[in-house]
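Engineer: Given next are the chains, with one letter for each unit.
Protein chains: 2
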Amino acid sequence: MEILKEINVVKEVIKKIKSNNQSIGFVPTMGYLHEGHLSLLKKAKEKSDVLFLSIFVNPIQFGPNEDLDKYPRDLERDVELAKKAGVDYIFFPNELKMYPPGYSTYVMVEKFTEGLCGAKRLGHFKGVSTIVLKLFNIIRPDIAVFGKKDAQQLRVIEKMVEDLNLDIEILGGEIVREKDGLALSSRNKYLTLEERKEAVVLNKSLELAELLIYKGEKNSNVIIEKVEEFINSNSNFGKIDYVEIVDYKNFEKISELSGEILIAIAVYIGNTRLIDNRILNL
Amino acid sequence: MEILKEINVVKEVIKKIKSNNQSIGFVPTMGYLHEGHLSLLKKAKEKSDVLFLSIFVNPIQFGPNEDLDKYPRDLERDVELAKKAGVDYIFFPNELKMYPPGYSTYVMVEKFTEGLCGAKRLGHFKGVSTIVLKLFNIIRPDIAVFGKKDAQQLRVIEKMVEDLNLDIEILGGEIVREKDGLALSSRNKYLTLEERKEAVVLNKSLELAELLIYKGEKNSNVIIEKVEEFINSNSNFGKIDYVEIVDYKNFEKISELSGEILIAIAVYIGNTRLIDNRILNL
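Chains A and B, in that order, are what the protein sequence lines are. Here full-length UniProt numbering is used: position 2 in the first sequence is 2, and no number is missing along the way. Here full-length UniProt numbering is used: position 133 in the second sequence is 133, and no number is missing along the way.
Here chain A stands alone, though its shape is the one from the complex:
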């Protein structure tokens, strides 16, 4: 495994790989890898000849009051995990190389970024789509894998690739959870012991939503209300950021459930903002 820091070096490596007709699999991350990331790497490896992982805490996807500075980093540990996962190359660029002074170009996937996290984290998805497009242009992968925990992100990237006529297959990796149901996230590290126990309320509230739908409930507002009620009455530190239900294909709000739907929630547990979701096919 090699760690590459320079864009031009990566481009040379890519040229060689392409000239050998080898396919490239890619998993972009912000590092501090957990089992969720590892499952994405596994999926990418199965479908490609050469496996790239990028580790870059992308400053432009953080808002001014968000956790850019304290976002957890541990390159040494990431390198060990990546080796075990069969990664061939880690791309680990520095910020100044990705955004040199005078940097000016941004990509926006409109409509799809108006609700959910897009409404709550202004500019977040502009930062995400921009860095992902840059990484795609540098690494030119055949396939790229994104976790379904960030369901809106996955859909935004799918849409960007489709709209911009890129030849990259985007795959979604299933959410990996702790034994008690908490979705893995690098941000779980922020939780105190007490908060950690309570954080399970996100997944539990989604289980309730599934149960209600299974029992025949078709009204979005009823489900949203019950989920909110559940979170509020089952947590001391929890503060709901949003509970939303949208059509997964076009990300429009729906009042009556049918087709492929996304139930997405964001909840502050203490100061830590966690997200979780269900994608259901009705």
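Be careful, since some hints might not be right.
One copy or any two copies: either way a pair holds, since identical chains are not told apart in the list.
[Unchecked claim] Straight-line distance between alpha carbons at most 35 Å, and here's what the computed DSBU-like set of lysine-lysine pairs gives:
no.	residue 1	residue 2
1	Lys45	Lys18
2	Lys70	Lys18
3	Lys226	Lys126
4	Lys18	Lys126
5	Lys226	Lys5
To be clear, the hints were calculated from the coordinates, so they are not data collected in a lab.
Following the hints, position chain B against chain A.
Structural biologist: Positioned in the frame of chain A, the structure of chain B alone reads:
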């Protein structure tokens, strides 16, 4: 020469060209070709093995009160001119294939699009950079040539390519002029005979600016004032849209002239909006 209308067909052709290790030259246009376009094609042909021309009147770069509907079109004539210019493939897509229902992704080159035409034609450059990126992703050229008449457009595309880490060499083609100095433009067709005579005022005002600078004038505002004065006192149908001087590299306004500068003007002659410029190295 072949005319291709389907994105997937173009992509197949491109794959074949790339697998033969042939380089691709590209000139994107809105058609209604004139000698200016032909000079761009010539430049691209000299530097590449296979020459692509695209003809697409891009709806999203026109404002609601602009000339999208009446923009001149003549495919038959364009095809003849392209043949003579040694074009190998014309990409002539239809609007619905480029922007299918639900299309949502846009590219913005900020800062560089705040002044000049960017300030006067809101959303114009968002449309330009988006279509050019899409075309680049479909055709994957090694070099692409843009006319210097649209100096801001050329710089915006250069900046986009740099920022998004694309491996495309962007070349500027010199402005081609009528004998009396009027810069060639598909929009010159809109001019009445009287207006056509008067349209030379754009180039003449820039000649004055050059003369003033040659004589030692370093103050932007003085030059802008003299240019405006000249246009106002030498035209009946003319109405200035803007006269601006910026640093060509970063597109910031400058008060004292030095380095590489752009003097750019836009003038309505009757109802027709014309642009012209000088890029000077001081």
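Engineer: Evaluate each hint against the coordinates.
Structural biologist: Results of checking the hints against the structure:
no., hint, verdict
1, Lys45 to Lys18, "both (16 Å within a copy, 26 Å between copies)"
2, Lys70 to Lys18, "neither (38 Å within a copy, 45 Å between copies)"
3, Lys226 to Lys126, "within (32 Å within a copy, 42 Å between copies)"
4, Lys18 to Lys126, "both (30 Å within a copy, 32 Å between copies)"
5, Lys226 to Lys5, "neither (48 Å within a copy, 51 Å between copies)"
Going through the hint list in order, the structure does not satisfy hints 2 and 5.
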